[in-house]
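Q: Chains as they are written, first to last, in this note's numbering: chain A, 1 to 402; chain B, 1 to 223.
Careful: at least some of the hints might be erroneous.
[What the hints assert, rightly or not] Output of the computed footprint for chain B on chain A, the stretches with three or more beta carbons under 8 Å from beta carbons of chain B: (1) 23-29; (2) 146-154; (3) 318-332.
[Stated by the list, open to error] With beta-carbon atoms standing in for the labels, derived distance ranges: (4) B:E126 <-> A:A286: 18 to 26 Å; (5) A:S395 <-> B:G30: 58 to 66 Å; (6) A:L290 <-> B:Q8: 48 to 56 Å.
[Claimed, not checked] Under 8 Å between C-beta atoms, here's a sample of chain B residues computed to sit facing chain A: (7) V10; (8) F13; (9) G30; (10) L53; (11) S57; (12) G59; (13) R74; (14) A77; (15) S96; (16) I97; (17) S98; (18) T110; (19) S142; (20) R177; (21) E199; (22) Q200.
Hints listed in this document are in silico derivations from the structure and should not be mistaken for laboratory results.
Model, not experiment: these values are computed from the prediction.
We treat Cβ as the ideally placed atom computed from N, Cα and C, and that holds for glycine.
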Amino acid sequence: MSTAAVPVGRARLPLTELFGTALQGLRSRRLRAALSALGIAIGIGAMVAVVGVSASAQANLLAEIDALGTNLLTVTPGQNFLGNNEVLPDTSVPSVDHMQDVHSAVAVYQVNTANVYRTPAVPSAQTGGIGVDAAGDNLPQVLGSSMASGHFLDAVSDRFPEVVLGAEAANVLQIEHAHGDLLVFLGNSWFTVIGILKPAVLDSTLDSTVFISLRVAERDFQVQPNPSEIYVRADLSAVNRVANLLPATADPQNSGGVDVSRPSDALEARAAAKGQFTTLLLGLGAVALLVGTIGIANIMVIGVLERRGEIGLRRALGATRRHIASQFLTESALLAAIGGIAGLALGAGATEVYAATRSQPFVVPLYALVAAPAAGFVIGALAGLYPAAKAARLSPTEALRV
Amino acid sequence: MTALRLGQVVKEFRGGVFALRGVDVAVEQGEQVAVVGPSGSGKTTMLTIMGTLERPSQGEVEVAGCSVNQASDRELAGLRAHQVGFVFQTFHLQESISALDNVANGMLYTGAPARERRRLAQAALERVGLAHRTTHRPSQLSGGERQRVAIARAIAKRPLIVLADEPTGNLDSTSGREIVDLLHGLAQDGATLVLITHEQEIADSFPRRITMRDGEVMSDERT
Chain A
1 MSTAAVPVGR ARLPLTELFG TALQGLRSRR LRAALSALGI AIGIGAMVAV
51 VGVSASAQAN LLAEIDALGT NLLTVTPGQN FLGNNEVLPD TSVPSVDHMQ
101 DVHSAVAVYQ VNTANVYRTP AVPSAQTGGI GVDAAGDNLP QVLGSSMASG
151 HFLDAVSDRF PEVVLGAEAA NVLQIEHAHG DLLVFLGNSW FTVIGILKPA
201 VLDSTLDSTV FISLRVAERD FQVQPNPSEI YVRADLSAVN RVANLLPATA
251 DPQNSGGVDV SRPSDALEAR AAAKGQFTTL LLGLGAVALL VGTIGIANIM
301 VIGVLERRGE IGLRRALGAT RRHIASQFLT ESALLAAIGG IAGLALGAGA
351 TEVYAATRSQ PFVVPLYALV AAPAAGFVIG ALAGLYPAAK AARLSPTEAL
401 RV
Chain B
1 MTALRLGQVV KEFRGGVFAL RGVDVAVEQG EQVAVVGPSG SGKTTMLTIM
51 GTLERPSQGE VEVAGCSVNQ ASDRELAGLR AHQVGFVFQT FHLQESISAL
101 DNVANGMLYT GAPARERRRL AQAALERVGL AHRTTHRPSQ LSGGERQRVA
151 IARAIAKRPL IVLADEPTGN LDSTSGREIV DLLHGLAQDG ATLVLITHEQ
201 EIADSFPRRI TMRDGEVMSD ERT
């Protein structure tokens with residue numbers, strides 16, 4: 001017989017009622033619901049934390065790069081085909097400085113013949129890995145770094161033995177503050193420490209270096225005015241063009257012996273690498289999630305067995321098999337979605353703690369706000385498939401016999 | 001009009017157990033019928049077939065003018081939602097919600113809006129004399145009161161047919177008497193009532209009594 005055989009109206013359950021019924025089902029078994037949602041919360045929390053910590057570290061690095069600028073280029077002598085080091089001509093610095101779109105340029109010159117010690121009593125082999133460079137007095141400006149203490153080389157430094165320490169060099173020499181009467185033993189004489197640099201993010205080799213003026217280096221250590229490295233600030237819109245022209249400008253007779261690089265590229269690559277989630281941790285989160293899913297499925301199966309009376313009653317009240325299945329499916333999905341939201345809070349909290357302890361910006365990717373509850377919902381629906389089917393298959397009379 | 005018609009209904013369970021062996025029963029609209037018989041005589045099976053919770057193995061079943069044999073699960077659910085009210089021996093009330101919500105939830109699958117369901121539930125609770133107990137949880141009610149909530153749930157949607165399976169089985173005789181009186185009173189509302197009982201005294205209060213044994217109707221008396 002067709003539907004017309006039943007003139008009395010259909011069995012209906014609007015979506016809002018479905019959610020209300022499912023919520024009521026969860027509310028009547030709070031503790032159990034909370035415990036089974038916890039499994040999902042831990043799994044999703046672990047994943048959100050992994051994503052959030054990576055994103056925070058990445059945001060931190062990108063912020064540093066932004067602060068330092070991406071328009072810094074470095075020029076270094078390359079190697080010839082025999083593997084010997086090339087030499088940049090002494091004219092390279094003014095040539096580069098006069099290029100179009102170049103804001104500023106500064107060179108450092110390696111001082112191979114001298115080492116720096118706290119006192120002459122320190123054995124000469126204990127250099128602490130500290131290099132000595134001669135540098136132009138605008139080095140901090142070009143690098144975008146600042147002084148932790150004191151000031152950088154100036155006109156006075158051309159005539160008197162004065163030295164500025166890189167951050168790591170100061171650390172090795174155990175000098176925290178630069179003041180007028182603090183001396184270090186450099187080469188064969190005492191130099192006054194007039195300043196300490198903050199860490200140079202774009203080129204960390206400068207941190208374990210001390211700087212003296214080129215004039216003093218030429219006079220005391222017979223340094224040739226051939227730059228070991230030139231730092232160039234170019235116009236942001238012309239960085240690539242300047243980079244292409246730099247070799248020929250720095251050494252017109254041997255442009256092949258000049259290497260040009262952009263330090264921010266390396267940092268951006270590092271930032272991108274930090275953005276990649278740690279696969280192992282994500283895997284652990286996935287395992288926790290799987291265990292949570294099985295836990296929910298398990299609890300739902302037990303729930304179906306315990307609630308046979310309720311299922312039978314609902315069938316008697318006019319619920320179709322589909323109504324019963326969707327009720328259990330919705331309960332399971334809601335349970336896991338709540339777990340997902342709790343997991344989001346857990347993961348965000350973990351990220352916040354991590355970011356706060358390392359003074360990094362707190363970042364949880366926006367997609368996680370949607371993905372965490374949605375993932376929970378989908379996982380719950382999957383976990384609920386079997387219990388829901390089981391509940392729907394239950395014979396109503398058998399269920400009422402409980 | 002015939003509310004229920006069973007024609008040569010046979011119900012065989014797995015393992016070759018016959019619960020019903022060819023039952024012919026017709027119940028008119030507004031009739032009040034008591035079904036008596038020993039355990040295992042097929043009373044409950046007949047009631048669940050009348051309530052479309054189960055289909056017969058053989059024979060014709062017609063409920064509220066609809067043929068059950070060819071109807072789909074959805075159609076039968078619709079029939080139960082609108083036209084059949086059940087009352088069980090063990091009440092089957094939900095413990096976590098109030099009496100009013102229990103009754104209102106009884107109309108969940110009719111598609112009536114929540115406000116309407118609560119209004120009808122309130123009226124039904126008043127009808128069974130529990131207007132002062134609407135906010136109580138089932139555990140806060142006596143056995144007789146719980147069964148009255150269950151009756152309110154069965155009648156709130158004004159079904160054509162009310163089916164009661166030993167509604168007094170879990171009650172003392174005084175409460176049981178009250179419940180039976182209440183169910184008799186429903187006749188004034190025009191509902192058809194089929195009630196299973198094993199107490200002869202209760203059966204005698206019904207105008208029509210069907211006695212069953214071994215899955216067959218032994219006697220069908222009217223007074």
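Q: Now tell me if each hint is right for this structure.
A: Results of checking the hints against the structure:
Counting residues of the stretch 23-29 of chain A whose C-beta lies closer than 8 Å to any C-beta of chain B gives 3; at least three are required, and the coverage claim holds. Against chain B, the stretch 146-154 of chain A contributes 0 residues with a C-beta closer than 8 Å to a partner C-beta. That does not satisfy the three-residue criterion, and the hint is violated. Given a C-beta distance limit of less than 8 Å, the hint that chain B covers the stretch 318-332 of chain A holds, as 6 residues qualify and 3 suffice. Distance hint check: the CB atoms of B:E126 and A:A286 are about 56 Å apart, inconsistent with the given range 18 to 26 Å.
Range check, A:S395 to B:G30: Cβ separation about 31 Å, and the 58 to 66 Å hint is violated. Distance hint check: the CB atoms of A:L290 and B:Q8 are about 55 Å apart, consistent with the given range 48 to 56 Å. Using the Cβ-Cβ criterion of 8 Å, the hint placing B:V10 at the interface with chain A is not satisfied: the shortest such distance is roughly 16 Å. Checking B:F13 against chain A by beta carbon gives a least distance of about 10 Å; that is not within 8 Å, so the hint is violated.
Below 8 Å, beta-carbon pairs count as interface contacts, and B:G30 has none with chain A, the closest being about 17 Å; its hint is therefore violated. The beta carbon of B:L53 comes within 5 Å of a beta carbon in chain A, closer than 8 Å, and the hint placing it at the interface holds. Proximity of B:S57 to chain A is violated relative to the hint, the smallest CB-CB distance being about 14 Å (cut-off 8 Å). The restraint placing B:G59 at the interface with chain A is violated, with a minimum CB-CB distance near 16 Å, outside the 8 Å limit.
Using the Cβ-Cβ criterion of 8 Å, the hint placing B:R74 at the interface with chain A is satisfied: the shortest such distance is roughly 5 Å. Annotation: interface hint on B:A77 holds; nearest CB of chain A at approximately 4 Å, less than 8 Å. Checking B:S96 against chain A by beta carbon gives a least distance of about 4 Å; that is within 8 Å, so the hint holds. Hint on B:I97 holds. Least Cβ distance to chain A is approximately 7 Å, under the 8 Å limit.
About 12 Å separates the beta-carbon of B:S98 from the nearest beta-carbon of chain A, more than 8 Å, and the hint is not met. A cut of 8 Å between beta carbons decides the hint on B:T110: the least distance to chain A is about 7 Å, and the hint holds. With a cut of 8 Å, the hint placing B:S142 at the interface with chain A is violated, because the nearest CB-to-CB distance is about 20 Å. Interface hint at B:R177: violated, since its Cβ lies 25 Å from the closest Cβ of chain A, which is beyond the 8 Å cut-off.
Taken as an interface hint, B:E199 does not check out: its beta carbon lies about 21 Å from the nearest beta carbon of chain A, beyond 8 Å. Checking B:Q200 against chain A by beta carbon gives a least distance of about 24 Å; that is not within 8 Å, so the hint is violated.
Violated hints, in rising order: 2, 4, 5, 7, 8, 9, 11, 12, 17, 19, 20, 21 and 22; the structure is consistent with all others.
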